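Enquirer: Chains as they are written, first to last, in our numbering: chain A, 1 to 263; chain B, 1 to 263; chain C, 1 to 263.
Bear in mind the hints are in silico, worked out from the structure with no lab data behind them. No experiment lies behind these values; they were computed from the predicted model shown. Check the hints yourself; a few may be wrong.
Identical chains share a label here; the pair holds if one copy fits it or two copies do between them.
[As the list claims (entries may be wrong)] With a Cα cut of at most 35 angstroms, we get these calculated DSBU-like pairs of lysine-lysine:
1) K233 to K101
2) K258 to K101
3) K101 to K154
4) K101 to K78
5) K258 to K2
6) K154 to K102
7) K102 to K233
8) K2 to K155
9) K2 to K233
10) K233 to K155
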Amino acid sequence: MKIDLLNQIRETNPVVLNISNFVTVQDVANGINAIGASPIMSEEIAETDEMVGISNAVALNLGAFSKPQVDHILAMGKAANAQHKPLVIDPVAVGAISYRKKVALDLMNQFQVDVIRGNAGEIAALAGVAWDAKGIDAGSGNQDVVEVAKAAAKKQNCVVILSGETDVITDGEHVARVFNGTPLFQLHVGSGDMLSSIVGAFCAVSDGDYFEAAQTACLVFASIGQIVADQLKEERPGTFAARLMDELHLASVADIEKIAQFD
Amino acid sequence: MKIDLLNQIRETNPVVLNISNFVTVQDVANGINAIGASPIMSEEIAETDEMVGISNAVALNLGAFSKPQVDHILAMGKAANAQHKPLVIDPVAVGAISYRKKVALDLMNQFQVDVIRGNAGEIAALAGVAWDAKGIDAGSGNQDVVEVAKAAAKKQNCVVILSGETDVITDGEHVARVFNGTPLFQLHVGSGDMLSSIVGAFCAVSDGDYFEAAQTACLVFASIGQIVADQLKEERPGTFAARLMDELHLASVADIEKIAQFD
Amino acid sequence: MKIDLLNQIRETNPVVLNISNFVTVQDVANGINAIGASPIMSEEIAETDEMVGISNAVALNLGAFSKPQVDHILAMGKAANAQHKPLVIDPVAVGAISYRKKVALDLMNQFQVDVIRGNAGEIAALAGVAWDAKGIDAGSGNQDVVEVAKAAAKKQNCVVILSGETDVITDGEHVARVFNGTPLFQLHVGSGDMLSSIVGAFCAVSDGDYFEAAQTACLVFASIGQIVADQLKEERPGTFAARLMDELHLASVADIEKIAQFD
Numbered sequence: 001m002k003i004d005l006l007n008q009i010r011e012t013n014p015v016v017l018n019i020s021n022f023v024t025v026q027d028v029a030n031g032i033n034a035i036g037a038s039p040i041m042s043e044e045i046a047e048t049d050e051m052v053g054i055s056n057a058v059a060l061n062l063g064a065f066s067k068p069q070v071d072h073i074l075a076m077g078k079a080a081n082a083q084h085k086p087l088v089i090d091p092v093a094v095g096a097i098s099y100r101k102k103v104a105l106d107l108m109n110q111f112q113v114d115v116i117r118g119n120a121g122e123i124a125a126l127a128g129v130a131w132d133a134k135g136i137d138a139g140s141g142n143q144d145v146v147e148v149a150k151a152a153a154k155k156q157n158c159v160v161i162l163s164g165e166t167d168v169i170t171d172g173e174h175v176a177r178v179f180n181g182t183p184l185f186q187l188h189v190g191s192g193d194m195l196s197s198i199v200g201a202f203c204a205v206s207d208g209d210y211f212e213a214a215q216t217a218c219l220v221f222a223s224i225g226q227i228v229a230d231q232l233k234e235e236r237p238g239t240f241a242a243r244l245m246d247e248l249h250l251a252s253v254a255d256i257e258k259i260a261q262f263d
Numbered sequence: 001m002k003i004d005l006l007n008q009i010r011e012t013n014p015v016v017l018n019i020s021n022f023v024t025v026q027d028v029a030n031g032i033n034a035i036g037a038s039p040i041m042s043e044e045i046a047e048t049d050e051m052v053g054i055s056n057a058v059a060l061n062l063g064a065f066s067k068p069q070v071d072h073i074l075a076m077g078k079a080a081n082a083q084h085k086p087l088v089i090d091p092v093a094v095g096a097i098s099y100r101k102k103v104a105l106d107l108m109n110q111f112q113v114d115v116i117r118g119n120a121g122e123i124a125a126l127a128g129v130a131w132d133a134k135g136i137d138a139g140s141g142n143q144d145v146v147e148v149a150k151a152a153a154k155k156q157n158c159v160v161i162l163s164g165e166t167d168v169i170t171d172g173e174h175v176a177r178v179f180n181g182t183p184l185f186q187l188h189v190g191s192g193d194m195l196s197s198i199v200g201a202f203c204a205v206s207d208g209d210y211f212e213a214a215q216t217a218c219l220v221f222a223s224i225g226q227i228v229a230d231q232l233k234e235e236r237p238g239t240f241a242a243r244l245m246d247e248l249h250l251a252s253v254a255d256i257e258k259i260a261q262f263d
Numbered sequence: 001m002k003i004d005l006l007n008q009i010r011e012t013n014p015v016v017l018n019i020s021n022f023v024t025v026q027d028v029a030n031g032i033n034a035i036g037a038s039p040i041m042s043e044e045i046a047e048t049d050e051m052v053g054i055s056n057a058v059a060l061n062l063g064a065f066s067k068p069q070v071d072h073i074l075a076m077g078k079a080a081n082a083q084h085k086p087l088v089i090d091p092v093a094v095g096a097i098s099y100r101k102k103v104a105l106d107l108m109n110q111f112q113v114d115v116i117r118g119n120a121g122e123i124a125a126l127a128g129v130a131w132d133a134k135g136i137d138a139g140s141g142n143q144d145v146v147e148v149a150k151a152a153a154k155k156q157n158c159v160v161i162l163s164g165e166t167d168v169i170t171d172g173e174h175v176a177r178v179f180n181g182t183p184l185f186q187l188h189v190g191s192g193d194m195l196s197s198i199v200g201a202f203c204a205v206s207d208g209d210y211f212e213a214a215q216t217a218c219l220v221f222a223s224i225g226q227i228v229a230d231q232l233k234e235e236r237p238g239t240f241a242a243r244l245m246d247e248l249h250l251a252s253v254a255d256i257e258k259i260a261q262f263d
């Protein structure tokens, strides 16, 4: 893994354009900012081309969308493709709500995604694999998560990140796994949304190797979460959220290399 | 009070569906999550039936709504009734803004609410009692708050929570009062919104006894706030907000029983 | 500077009405609340006149707007003028996105603003001065920031705050500068949005002297940020955000006078 991509983010401050869901948007903006990139958010379709033009990566979050937002997401995805900017999708709750799955699949037929990040329930839904998702949570299933992720990657022809206790990252052929992390991520709503946009920041400095960018983003984010968790004596989700921002800014490549566990 | 309902939330992780106002939505989601339930938010009317279907309670926040959101709130309330899911309403600022009062009363004519949670100014407005509300704050009035709450409960035929230094909970006949709490709740915007959605989580595990659920939710939330306040030497609203999430996750039934004050 | 205006806010709790961008709205509400004023937010044009009526100042944030929100912003600005309430504008990213600049200038042709607060890139755009803005960040330019701010103030016929390492406040003739602050403000998204709404709170207690209100708001906010930064051994953006709320509530006029640096 090229953990050094983290330094490239901090040196070049890539602009990451987001359509964020309204639930976690400030956290996502702060996370992008803390790690060293520059967040920008949009709600107006008329500024799409210009917004994509000043950005180095685009991250589209499909949580809590309304119909006008779907049009906006579509325009943003097409503009990202047209302007050759890396495009990351976070398909929130597509495993639990069939309407969201239909909209997400429909959108992904109209533009080419570079990276999809979701939990097991969400990735299973996109792969067409049976899974018992629970609301915004991963739920449970019998399938091997590596196979689920590979199936989704092949189907959508992109890199897939299946987040969980172990993160699985695959381009459909090659597979990387990240073993770092902490259960506190599940206790803080928006951890996944934040990772998705941070994946955008890594894609922006990756020279087009999105498989490398995706796995490095996962390793850096999971390791930083683990660094914070190790500072806490108890499971403190509120304190975790604040310190996660601290360490996204403070953690060095060396700090991460010291604890990194992946294959 | 059945404080043990808290353990039932943690064991069964009920899904609480929210239409949240955009001001406090992340805090509300994190609060639901921290106490042990599972939050989900929606902005799209097309997914209403399905969303209600996967949920164990519905909480509708009437803060900062636009016209399309009113349609969405209406559909959500009707679906909650049709699918027999407990329904909680938070009528933000209906005491200060007559437009909001009109919309709120109009909505409540079209579906049956199980629990309303508001401050004195908001509950007085729904009861049709004179009160000098101030923006989103409670304001002041001469009426006895217990009588105000009872009048609102009778008028809307539901359980009413009138939040304040003392919380008053009533079904129009019986009255419970919770004396725990801290002034820090007033210093953190969204404390009330969070409580309303947490009431939803308690309703979800209450076997239909919403009066029990409402008073227990108030006792648990107020006590946890007090536990946090007791840890702080000064009034620190930012630190309070973070630690409130910590203790929503950590506080045990025994911790709450130790300080609980109610009648 | 009348730092004592801070005490007047805490004694009279002015209501500050906001159209806030969805990215930072909770932070803005909490910041207004913590400093001692009372925040209220709106998303519905039908409640405009009534909302302005109960408010003591109006703050309009032009970050992340959609077309219906532009109509709402316009109605709010006109109502603030008609009801003689102080009006503050935050023109987010007008330096980077020409669509936003066009909309912002168009709005300001239709109502009279009392105070504009932005970073160098945003103020330069409104002044019609060349500047290399970067997304939501200030970017860089060769012009003297005092001249840029004066040009914008003359053009818009109002007080202008150009925020940065040094804050420049001007009515087009007179200039005040605030030297307090901390780089941590840049590391926390929404610091500027929060300042803009806090300027509204100071305007509400200023007896119409918005130049005085604007510079005092900058001094108080920058000093409180510096107080928090001095408590931290490292750059901790998450901890900074929480403690900023703490100190907005706790810091006294004397605490600020002790470190205030301005001319």
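Enquirer: How do K2 and K155 come out at 35 angstroms by Cα distance, when the copy is not named: within, between, both, or neither?
Expert: The answer is within: 27 angstroms in one copy meets 35 angstroms, while 50 angstroms across copies does not.
Enquirer: When Cα atoms must be at most 35 angstroms apart, do K258 and K101 count as within-copy, between-copy, both, or neither?
Expert: Cα proximity of K258 and K101: none, with 39 angstroms in one copy and 47 angstroms across.
Enquirer: How do K101 and K78 come out at 35 angstroms by Cα distance, when the copy is not named: within, between, both, or neither?
Expert: both (19 angstroms within a copy, 24 angstroms between copies)
Enquirer: Are the CA atoms of K101 and K154 at most 35 angstroms apart within a copy, between copies, both, or neither?
Expert: So K101 and K154 pass the 35 angstroms test inside one copy only (17 angstroms; across, 43 angstroms).
Enquirer: With 35 angstroms as the alpha-carbon cut-off, assign the pair K102 and K233 to within, between, both or neither.
Expert: Neither: 43 angstroms inside a chain and 50 angstroms across chains, both beyond 35 angstroms.
Enquirer: At most 35 angstroms between alpha carbons: which applies to K2 and K233, within, between, both or neither?
Expert: both (31 angstroms within a copy, 30 angstroms between copies)
Enquirer: Reference check for the pair K233 and K155, CA-CA at most 35 angstroms: within, between, both, or neither?
Expert: neither (43 angstroms within a copy, 49 angstroms between copies)
Enquirer: With 35 angstroms as the alpha-carbon cut-off, assign the pair K258 and K2 to within, between, both or neither.
Expert: Close inside one copy (14 angstroms), not across copies (48 angstroms); limit 35 angstroms.
Enquirer: At 35 angstroms max between alpha carbons, let me know whether K233 reaches K101 within a copy, between copies, both or neither.
Expert: neither (39 angstroms within a copy, 47 angstroms between copies)
Enquirer: My question is about K154 and K102: at a cut-off of 35 angstroms on alpha-carbon distance, are they close within one copy, between copies, both, or neither?
Expert: within (18 angstroms within a copy, 44 angstroms between copies)
In summary, the numbered hints that this structure violates are 1, 2, 7 and 10.
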